[in-house]
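A.B. asks: Chains as they are written, first to last, in this note's numbering: chain A, 264 to 600; chain B, 264 to 600.
Don't read these hints as lab results, they were simulated from the structure. Incorrect hints may have been included.
Claimed, not checked - Straight-line distance between alpha carbons at most 30 angstroms, and here's what the computed DSSO-like set of lysine-lysine pairs gives:
1) A/K524 with A/K332
2) A/K587 with B/K567
3) B/K587 with A/K567
4) A/K587 with B/K587
5) A/K337 with B/K574
6) B/K337 with A/K574
Number of protein chains: 2
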Amino acid sequence: MSLTQAVLEGNRLALARLLTQVENNSPESRVALTELFPYTGRSHLIGVTGAPGTGKSSLVNQLALYYRKNHDRKVAIIAVDPSSPFTGGAVLGDRVRMRDLSGDSGVFIRSMASRGSLGGISQTTAAIAQVFDAAGYEIIIIETVGAGQSEVDIARLAHTTLVVEAPGLGDDIQAIKAGILEIADVLVINKADHPGVENTERALRTTLELAHPTTRVFRHHGQAMTVAAPVTDSKLWIPPINRTVATEGKGITELAVSIAKHAEHLRQSGDWTARDRARLGSEMEALLQETLMARFFESIRQEKYEEVMEKVLNRDLSPYEAVKSLLNGRETGKEKS
Amino acid sequence: MSLTQAVLEGNRLALARLLTQVENNSPESRVALTELFPYTGRSHLIGVTGAPGTGKSSLVNQLALYYRKNHDRKVAIIAVDPSSPFTGGAVLGDRVRMRDLSGDSGVFIRSMASRGSLGGISQTTAAIAQVFDAAGYEIIIIETVGAGQSEVDIARLAHTTLVVEAPGLGDDIQAIKAGILEIADVLVINKADHPGVENTERALRTTLELAHPTTRVFRHHGQAMTVAAPVTDSKLWIPPINRTVATEGKGITELAVSIAKHAEHLRQSGDWTARDRARLGSEMEALLQETLMARFFESIRQEKYEEVMEKVLNRDLSPYEAVKSLLNGRETGKEKS
Numbered sequence: 264m265s266l267t268q269a270v271l272e273g274n275r276l277a278l279a280r281l282l283t284q285v286e287n288n289s290p291e292s293r294v295a296l297t298e299l300f301p302y303t304g305r306s307h308l309i310g311v312t313g314a315p316g317t318g319k320s321s322l323v324n325q326l327a328l329y330y331r332k333n334h335d336r337k338v339a340i341i342a343v344d345p346s347s348p349f350t351g352g353a354v355l356g357d358r359v360r361m362r363d364l365s366g367d368s369g370v371f372i373r374s375m376a377s378r379g380s381l382g383g384i385s386q387t388t389a390a391i392a393q394v395f396d397a398a399g400y401e402i403i404i405i406e407t408v409g410a411g412q413s414e415v416d417i418a419r420l421a422h423t424t425l426v427v428e429a430p431g432l433g434d435d436i437q438a439i440k441a442g443i444l445e446i447a448d449v450l451v452i453n454k455a456d457h458p459g460v461e462n463t464e465r466a467l468r469t470t471l472e473l474a475h476p477t478t479r480v481f482r483h484h485g486q487a488m489t490v491a492a493p494v495t496d497s498k499l500w501i502p503p504i505n506r507t508v509a510t511e512g513k514g515i516t517e518l519a520v521s522i523a524k525h526a527e528h529l530r531q532s533g534d535w536t537a538r539d540r541a542r543l544g545s546e547m548e549a550l551l552q553e554t555l556m557a558r559f560f561e562s563i564r565q566e567k568y569e570e571v572m573e574k575v576l577n578r579d580l581s582p583y584e585a586v587k588s589l590l591n592g593r594e595t596g597k598e599k600s
Numbered sequence: 264m265s266l267t268q269a270v271l272e273g274n275r276l277a278l279a280r281l282l283t284q285v286e287n288n289s290p291e292s293r294v295a296l297t298e299l300f301p302y303t304g305r306s307h308l309i310g311v312t313g314a315p316g317t318g319k320s321s322l323v324n325q326l327a328l329y330y331r332k333n334h335d336r337k338v339a340i341i342a343v344d345p346s347s348p349f350t351g352g353a354v355l356g357d358r359v360r361m362r363d364l365s366g367d368s369g370v371f372i373r374s375m376a377s378r379g380s381l382g383g384i385s386q387t388t389a390a391i392a393q394v395f396d397a398a399g400y401e402i403i404i405i406e407t408v409g410a411g412q413s414e415v416d417i418a419r420l421a422h423t424t425l426v427v428e429a430p431g432l433g434d435d436i437q438a439i440k441a442g443i444l445e446i447a448d449v450l451v452i453n454k455a456d457h458p459g460v461e462n463t464e465r466a467l468r469t470t471l472e473l474a475h476p477t478t479r480v481f482r483h484h485g486q487a488m489t490v491a492a493p494v495t496d497s498k499l500w501i502p503p504i505n506r507t508v509a510t511e512g513k514g515i516t517e518l519a520v521s522i523a524k525h526a527e528h529l530r531q532s533g534d535w536t537a538r539d540r541a542r543l544g545s546e547m548e549a550l551l552q553e554t555l556m557a558r559f560f561e562s563i564r565q566e567k568y569e570e571v572m573e574k575v576l577n578r579d580l581s582p583y584e585a586v587k588s589l590l591n592g593r594e595t596g597k598e599k600s
């Protein structure tokens, strides 16, 4: 039986083996991905991002448990750590997950240390999500650690992106928040039993107001309430703010409701297909780029490339001229000025 | 007179105009970059990175002032903010800089909001550094905000990378530190007058020890001292740890000495050329990729691409098959399984 067939039939060992091949970008994995592709497009991809210390891992853990217990969904978790490109990094919370979720054949957890380029990470993550999708995992949670562009790239893969905050992480990170907020479909204030939760929610509402000018915040007896402005555009989605205490399982049901509402919104507005299209479009471009580069390097002699590179180092040829000459197969040597 | 000529002659207005063109990746900027390239390769590129709240901007400000006053070097500052890809982000500390450095024609500050892809940012940053290099700025400081892959990519541009820490930013960021530390050539503990500075230094030394196993830490009367193990490899560089209080200008001279020592080390070990080679190599690859993609999209009809994309969306064709068929100019339609 082929690896693909075994994966489709729910063989976990085959699944694990294929995921490793995908991570290594092996030729076999390409064949398998092609064979599995017709079976994809059924999962709900949920991205979870936020600064370290917000308790993302516990939250993801609880969400997974919720989908298992209450909806009997198969759940895959992809934990990506792009903050530590050299050491490979330790994805926190794995131990916690193991205790609650191991032994459940409806859950599969994959940690990805992010070696290599950022583009590479999101490409591999997309491919891994496709494998889980084909293997029948209806909920795929992609968790990323850190803050910055990496999150944004990976969030683009998801249908629904959760941005997790926590009280008391300081105002230094406000600048980052502003950027991250714009990728949020659902906002989560985890550790909501900690002091400062009101401040955190207020700060989030203020930032939301800036990002979504159609939201109006009314102050009523000192309590901020977000009210959507009269909406004519059915496509409008204002990210709800959910409070959770993941370590105690509090607020998880309400969070799952927000996620379900967002999925419903995506389907009704046509954005579900739009996000699929964007994701597959990026994937195709990345593949095109990779293939074009590979073909180029096959077509050129190593020594020729080194020779041109040497001229660039000596400032005899600019990078632009070098690329042009390499692509045109001829060289326009130039005297050093 | 051409823009290039004006830039070479030190015209600041022409320089500002060219930088904008480079940021917009205009065809004129490509010509200018090619014309300027022979004049590059003389600057010391210093990367400065670290979490928000460490006081990086003040530190960069002080370093710039130091090089102006004590060495009469022309200094360029490129402030990149990759944490806020959508809003463009506010690069902090610009106001502070303006007060101390404006009016000095030997200093040029350029803030870059990072729109678009991360690859795009480091490519543009590299191009902007080249312009400053050709324009005679001997010290080019590239400052990035945030933590993660983005820093790493941008640090790869620099000859010397400073990683800035500050006491009391919490242990939550330890995981990030581990990754970031490996790109550090010089470690800076800024805000060294704040409580907890000893803890911060101890944590850094411990992490350094892990990253550089040749470093030995001796504990002497409870005080940690880092002593380099007997070195036979002249290429070995152990990142020194410098304490600064940038707001008061303290420790800046010592920091500049560490930076100078690192530059000297790079030149003696041959790593200066190696870093140049790596940087120009990445630049060439990025240009190659861009050019190959542009040529591909020119060679194919838009409708053809859309048609294939539609088949991918319908899961009739996998992305791999789609790319293959596009590149081979023929289509291998497949029935949906």
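A.B. asks: Would you mind marking each hint as holding or not holding in the structure?
C.D. replies: Comparing the hints with the structure gives:
Between A/K524 and A/K332 the CA atoms are separated by roughly 19 angstroms; this keeps the pair inside 30 angstroms, and the hint holds. Of the supplied pair hints, the one linking A/K587 and B/K567 holds, its CA atoms being roughly 27 angstroms apart against a limit of 30 angstroms. Distance hint between B/K587 and A/K567 is fulfilled; the C-alpha atoms sit about 27 angstroms from each other, no more than 30 angstroms. Taking the CA atoms of A/K587 and B/K587, the gap is near 25 angstroms; set against the 30 angstroms cutoff, the hint holds.
With a C-alpha separation of about 28 angstroms, the suggested pairing of A/K337 with B/K574 holds against the 30 angstroms cut-off. For the proposed pair B/K337 and A/K574, the alpha carbon gap of about 28 angstroms is at most 30 angstroms, so the pair holds.
Hint compliance for this structure: every hint is met.
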